[in-house]
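Read top to bottom, the protein sequences are chains A and B.
To convert a position in the first sequence, counted from 1, into the working numbering, add 25.
To convert a position in the second sequence, counted from 1, into the working numbering, add 593.
There could be a bad hint or two in this list.
As the list claims (entries may be wrong) - Below, a list of computed lysine to aspartate or glutamate pairs in the EDC-like style, where the Cα atoms sit at most 20 Å apart:
(1) K107/A <-> E677/B
(2) K629/B <-> D63/A
(3) K181/A <-> D144/A
(4) K694/B <-> E677/B
(5) K130/A <-> E103/A
(6) K666/B <-> E717/B
(7) K122/A <-> E652/B
(8) K75/A <-> D728/B
(9) K75/A <-> E106/A
(10) K107/A <-> E652/B
(11) K729/B <-> E194/A
(12) K122/A <-> E693/B
(13) K102/A <-> E652/B
(14) K643/B <-> E185/A
(15) K666/B <-> E677/B
(16) K730/B <-> D63/A
(17) K643/B <-> D63/A
(18) K75/A <-> D704/B
(19) K75/A <-> D88/A
(20) K730/B <-> D78/A
(21) K75/A <-> E652/B
(22) K107/A <-> D704/B
(23) K130/A <-> D117/A
(24) K683/B <-> D117/A
(25) K721/B <-> D684/B
(26) K694/B <-> D663/B
(27) K107/A <-> D728/B
(28) K75/A <-> D684/B
(29) K670/B <-> E652/B
(30) K729/B <-> E106/A
(31) K643/B <-> E194/A
(32) K694/B <-> E70/A
(33) K169/A <-> E185/A
(34) K75/A <-> E185/A
(35) K60/A <-> E638/B
(36) K683/B <-> D150/A
By construction, these hints were calculated from the structure, which means they are not laboratory data.
Being a predicted model, the structure only gives us computed values, none of them experimental.
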Amino acid sequence: MMYKHGGKLISVYWFFIIFIVAAGIIYMVLSFYNKPYDVRNMEVELLIVKISDCLSYGGYLNDSLINSGGHFSEEFKENFEKICSLNFSVEDFSNWKENDQFYLKIDLFNFDIIGEKIDSFEQGDRGLTTFCDLEGEYLPVCSKRSFYALDKNNTKYQIEILSIIKKTEKNA
Amino acid sequence: MNLNKKKGAELLIEDTVFIILNIVFISLLIVFVFSKTGSGANLEEIYSKKIALMIDAAEPGMQIYLNMEDAIKIAEKEKVDLNEGVVTIKDNIVTVKLREKGGYSYSFFNDVSVRRISPPPESENLNKGYIFLIDKKNDV
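This is chain A alone, in the form it adopts within the complex:
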């Protein structure tokens, strides 16, 4: 009689524990699979590579885009997207079309005089740069890369590209 009642009591506790474990597993599975996959790190690097390939080839600057003084040509500044085969249009999601989801800044420096900036070009929402030094979730992803190149007169330049992608609603 005692064992019978004790056995029923144990099975109630047993199922209570199983329910708690199951609830934990379900919560972990849902929180993992409901979180979107963040591909922006890869996307931002691909963007920098694309722009680098547009600006220089084989270690030499594209002289139709950057003149011999190290300044961006007017044609480059006005038709940047078309020249570098870029399209920053985004899908109609969460006001993305009204707010720029990208920001780019390309700086040209004098290689021989450290820190001397010759020219700069930017496109997109400059306000995204404020998030680059912050840490946390739901923030844009930033990446800055630099490389060296020569112009046709063998003048050396350092090119620095800052690329920022927002798209937080589908990645964070």
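Since the structure of chain A is provided, determine the placement of chain B on it from the hints.
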């Protein structure tokens, strides 16, 4: 003697019911976990982003085959048209749809022309993936 036998039978029934309930409970849990891992919604997001990144990294002249066997199986089960519905690319937006009322879109920044075609009928990859043809964009 009969009383002992009766108690033994009751215990056996209780234990059996207990074990069966445990098995049913754990089975339901496993079914739930597996349903989440291979769900259509999940795969829609994965493949739309995968294809967008693939196009971003591509150059004109490339032909890229992407195996989407798991996604296509779900699309077939949901009766989505494999030729028109599963992967659509309009302007610079990729949309992957594996469910009748589903779909996930993601944009790519590489300004190229992309055509999605199915592998030829004689290919062993038929109904397992798609070929993406990357070309320069023609200015209209």
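20 Å limit on alpha-carbon distance, applied to hinted pair K60/A and E638/B: Holds, because 11 Å separates the two Cα atoms, which is no more than 20 Å.
Pair hint outcome, K730/B versus D63/A [Cα-Cα no greater than 20 Å]: violated (28 Å)
Pair hint outcome, K683/B versus D117/A [Cα-Cα no greater than 20 Å]: holds (13 Å)
Straight-line alpha-carbon gap K694/B to E70/A, limit 20 Å: violated (34 Å)
Restraint check for K169/A with E185/A, where alpha carbons must lie at most 20 Å apart: Status holds; Cα separation ~7 Å.
Hinted pair K122/A and E652/B, Cα distance within 20 Å: Violated. K122/A to E652/B sits at ~26 Å, over the 20 Å cutoff.
Pairwise hint evaluation, E652/B against K75/A, where the allowed Cα distance is 20 Å at most: holds (10 Å)
Hinted pair K666/B and E717/B, Cα distance within 20 Å: holds (16 Å)
K683/B paired with D150/A [C-alpha distance capped at 20 Å]: Not satisfied, since the Cα-Cα distance of roughly 25 Å exceeds 20 Å.
Proposed proximity, E677/B with K666/B (alpha carbon, max 20 Å): The hint holds at about 15 Å.
Proposed proximity, D144/A with K181/A (alpha carbon, max 20 Å): The given pair, whose Cα atoms are some 14 Å apart, holds under the 20 Å limit.
Straight-line alpha-carbon gap K629/B to D63/A, limit 20 Å: holds (18 Å)
The structure shown violates the earlier hints numbered 1, 7, 11, 12, 13, 14, 16, 23, 25, 29, 32, 36.
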